[in-house]
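Colleague: Residues per chain are reported as follows:
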Amino acid sequence: MKIDSLLKIFVPKDDSFFPLFEDGAHVLIQSADLLKQLMLTETIDQRAPIIKKIKSMEHQGDEITHKIYQQLNKSFITPFDREDIQELASSLDDVVDYINGTAQRIGLYKLKVIHPDFILFAEIIYDAAKEIEFSLHGLRHSGKNHAKIIQSCINLNTLENRADDLYHDDISQLFENEKDTIELIKTKEIFATLEKSVDMAEDVSDVIKTILIKLA
Amino acid sequence: MKIDSLLKIFVPKDDSFFPLFEDGAHVLIQSADLLKQLMLTETIDQRAPIIKKIKSMEHQGDEITHKIYQQLNKSFITPFDREDIQELASSLDDVVDYINGTAQRIGLYKLKVIHPDFILFAEIIYDAAKEIEFSLHGLRHSGKNHAKIIQSCINLNTLENRADDLYHDDISQLFENEKDTIELIKTKEIFATLEKSVDMAEDVSDVIKTILIKLA
Amino acid sequence: MKIDSLLKIFVPKDDSFFPLFEDGAHVLIQSADLLKQLMLTETIDQRAPIIKKIKSMEHQGDEITHKIYQQLNKSFITPFDREDIQELASSLDDVVDYINGTAQRIGLYKLKVIHPDFILFAEIIYDAAKEIEFSLHGLRHSGKNHAKIIQSCINLNTLENRADDLYHDDISQLFENEKDTIELIKTKEIFATLEKSVDMAEDVSDVIKTILIKLA
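Chains as they are written, first to last, in this note's numbering: chain X, 1 to 216; chain D, 1 to 216; chain V, 1 to 216.
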């Protein structure tokens, strides 16, 4: 227990962080939704505008992260530990960064065909984003929502395991079947950023679990 | 010097962290030993059970890290600075993660032949794990063990330099001699995760050095 | 506002960090200058001594970072928040690490031809290093230099956007035109470390911005 924690008993908490995290969750959901749309396109021309929108989501995410840091600096007493707020903001931003990284690569590499498992990954990422949104909203009243948030973190862990298995199957098949090395390099890298996006989503839920433990 | 440090003079320290770090060191040693075994296998069939065991080691490592974080939250006074405990736990976990990452790739890429220098790397990683184990045990009585722990950190630095030279030679030769691009991609990536494992081990010793400086 | 911040009102600050950061900026400038020189060489023989010098710069950078951490531990009151000093030191070190990573790869991969855009990247990195040097010197008297440092951070952001666009064009063209897969792998990785160097430089300016906000 830190000195800061002792102070929290006597000074009212600053609740202005909750709307900022909810904004962050909203940007994440929109990015994940755009990624799903991107994976369902059939031509390069259809992709360009979606990739651009994802890029602009990433900028919005950056701005929200920046606002959270500024708010952190102005606040005397925060609803959770300062380092957890910082970690939560940066891990949330990381998910959006990886979604954008995936989208940018699809544009950059001028992929002719979207691998069918890219769609499965985009769906897992979207479902993970939904769990994160649920948990972040729940934190406002973490006492009564405790069990539900824990369940949501478990769901996210299940999604991450599914993504992990999918990634292993895909990479393994890719090395067996893809004879065009350039295509292999491109596809492998996109699978890696997709899988990393889900890892990053799990990192968010790890921070949320840490916060819940401390609030308990 | 932080306020926390002042408090430490008056309140008894919580020593429950030492057994947890020793558990972590034990998981690391076992993972490194399994990696050496993996590198000495001759067929894909021999590899599968070892790779699975390394994966389960990685899970055990995660659980220990989680316990350390929980303990950190419950403890009023810690034997070293809180951020150093957190850093030590996460850097220890990173070494096991990279060992697992190497093992997973060997399985995933269905490598036909284990490169002879993979064995050299696995030996360096095992030796580094032994130094980490020694240092972590030494921290219980850091006063009388100070010189020995410093020596162990120097040994780890020597191992890291050796790994660095080995990596450079291997990558350089790989680009010169490997004409099969797919094999080159696979082998290069495994060398990179092996070298990164040693880097991560050195990060652990950097945290230990920081702790020693503060305790001095 | 943390307890530490309250203390700062009554206890004189420790200004010994400024010369250390200025040393760090000097190492960065020298590394960036050597990288530019490296990109202008015409033969592998000319490259070896420059690559060696960059490696030794990286070691000097490590030593300065270590001195900053030691100083941090000895200081009761610091000119900025402790975590910002740590972050500033490590982000500064990261830029030099990526410059060295680029140089090492150029040596390791025995590149026959230096891609003309490598020179453009090295120039952006050098300009970014100059902005960092300017900002770090300005921090000594952050009150009167506030507007100039902010302008310098904006310049760095502009450089990062330019590097980003350049990277996208280069990777896109590389996949279209480079038919030798091995050359593609090598060149792509060097573009990636060059672009990452600029990202790391922007991270330094993000820490500086955080410090300015807190001092305002």
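No lab work stands behind these hints: they were computed from the structure.
Each hint should be verified, as a subset may be incorrect.
[Unchecked claim] Just a few of them, taken from the derived set where beta-carbon distance is under 10 Å, the chain D residues facing chain V:
{"#": "1", "residue": "Ser90"}
{"#": "2", "residue": "Glu178"}
{"#": "3", "residue": "Lys179"}
{"#": "4", "residue": "Lys209"}
By construction, the Cβ of each residue, glycine as well, lies at the ideal position given by its N, Cα and C atoms.
Colleague: Any hints from earlier that this structure breaks? Give me their numbers in increasing order, please.
Modeller: Failing hint: just 1.
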